[in-house]
Amino acid sequence: MAIEVRIPTILRTYTDGERAVDASGDSIQALIEDLESRHAGIGERLLEDGEVRRFVNIYVNDEDIRFTGGLSTELSDGDTVVILPAVAGGAR
Amino acid sequence: MTRYDSLVDSVGGTPLVGLPRLSPSSEVRLWAKLEDRNPTGSIKDRAALAMIEAAEAEGRLTPGATILEPTSGNTGISLAMVASQRGYRLICVMPENTSEERRVLLRMWGAEIISSPAAGGSNEAVRVAKGLAADNPDWVMLYQYGNPANAEAHYRGTAPEIHADLPEITHFVGGLGTTGTLMGVGRYFREHQPEVRIVAAEPRYGELVYGLRNLAEGFVPELYDESLIDSRFSVGPRDAVRRVRELVESEGIFAGISTGAILHAALAQAAKSTKSGERADICFIVCDGGWKYLSTGAYEGTLDEAEDRLDGQLWA
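Listed in order, the protein sequences are those of chains A and B. Going by the numbering used here, the first sequence wraps up at 599, each residue one higher than the last. Going by the numbering used here, the second sequence wraps up at 425, each residue one higher than the last.
Since the hints were made in silico from the structure, they are not lab data. Positions of the beta carbon are idealized from the N, C-alpha and C atoms, including for glycine. Among the hints, a few may not be true.
[Unchecked claim] To give an idea of the chain B side of the interface with chain A (calculated C-beta under 7 Å), a few residues:
hint, residue
1, Ala227
2, Gly230
3, Glu316
4, Phe328
5, Leu332
6, Tyr333
7, Arg341
[Unchecked claim] Over 12 Å on every C-beta distance to chain B, these chain A residues come out as not near it, computed from the model:
hint, residue
8, Thr522
9, Val528
10, Asp533
11, Gln536
12, Glu543
13, Gly557
14, Asp571
Produce the complete structure using the sequences and hints provided.
Encoded structure:
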């Protein structure tokens with residue numbers, strides 16, 4: 508099962524500069540474990556005490572996982588996962 | 110009532126219009142709350158007026174006072190209009206990569222502008238403004254990201270207006286920036302009609318805006334309360350532009366780019382409701398008109414061209 512994961516600039520040191528990497532897993536939890544096995548150190552930047560860090564947002568097909576089951580959010584083949592830092596809104 | 114004592118008194122009371130062409134069926138309908146019909150043309154008139162009135166009531170704002178605010182556009186324009194009517198000086202801190210129209214509008218209403226670096230976007234504007242506020246203790250920073258009066262404006266105004274016009278509402282979709290609209294409307298419906306689902310549309314920018322963000326020290330507005338939201342979509346510029354064009358082509362509504370992002374989330378919700386066979390009346394916010402964004406190139410050419418032109422811009 509291949510899932511495309513888009514990596515923010517700040518974490519590309521773990522992915523040899525790649526903007527997007529393939530990973531697998533049937534949930535976000537499993538996906539992050541798979542990412543960690545391929546890109547050692549990245550997991551700790553995403554998680555803290557077993558939860559997604561406060562200023563990290565993870566989206567599955569553009570939907571924030573905090574509202575779809577968190578780390579247990581299910582994944583299917585072909586899903587796109589985007590990881591982004593939390594920023595303030597734009598034209599406010 | 111359509112007669113008011115002054116322009117400031119006419120804030121709010123905006124129309125709700127149906128979207129007969131973009132609604133999937135008679136069972137799943139979309140409704141647009143036209144916030145561009147406020148005095149300076151955006152939903153921010155509500156928050157700006159509420160924050161100034163709250164500061165006046167608390168005695169923080171006195172005649173001749175200077176207001177300081179990190180804002181890359183609409184809030185600044187709204188504050189500038191109200192401040193000009195009430196005799197306050199306004200200084201706006203805004204990222205240097207915001208559209209020229211907004212700068213002209215701000216200056217026209219008498220605001221002074223201090224630019225913050227483009228890299229870092231609004232986070233950087235907030236940081237610069239907080240520094241200026243510390244150096245100038247007599248200036249009053251209303252601080253839209255943490256001022257309860259921002260959310261209160263929507264709790265007292267936007268939400269009850271929608272509830273009165275659309276009692277059968279099932280979903281509310283708004284933009285996530287300061288989070289004021291979603292927090293105010295969300296809290297109102299949690300109290301008055303808790304089955305209404307609150308959907309957030311968050312703009313997703315290009316690399317430049319996120320590039321320097323530290324994952325350990327990001328920014329979440331102080332107003333934000335996750336429990337008032339039921340789902341949250343991240344919408345990129347391509348989808349936002351595509352939807353904002355559909356909105357004007359199908360329904361004749363000429364809106365700003367952030368509204369395209371909100372419509373994208375509303376249509377995603379409409380598709381979900383249609384798929385599950387449930388009735389839905391989905392209300393979304395038209396934040397402002399498209400006038401201020403013409404120079405961004407979002408309304409002309411192919412989607413690829415528009416996407417390229419918006420890269421690195423704070424389009425919402």
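Taking the hints in turn, this is what the structure says about them:
1. Ala227: Cβ of B/Ala227 sits 12 Å from chain A, so the hint is violated.
2. Gly230: Holds: closest Cβ of chain A sits about 6 Å from B/Gly230, inside 7 Å.
3. Glu316: holds, 6 Å
4. Phe328: Hint holds; B/Phe328 Cβ to chain A Cβ min 5 Å, cut 7 Å.
5. Leu332: violated, 11 Å
6. Tyr333: violated, 10 Å
7. Arg341: holds, 4 Å
8. Thr522: For A/Thr522, whose nearest Cβ neighbour in chain B is about 14 Å away, the distance exceeds 12 Å, so it holds.
9. Val528: holds, 16 Å
10. Asp533: Nearest chain B Cβ is 21 Å from A/Asp533, so the label holds.
11. Gln536: holds, 18 Å
12. Glu543: holds, 15 Å
13. Gly557: holds, 16 Å
14. Asp571: violated, 4 Å
Checked against the numbered hints given earlier, this structure breaks hints 1, 5, 6 and 14; the rest are met.
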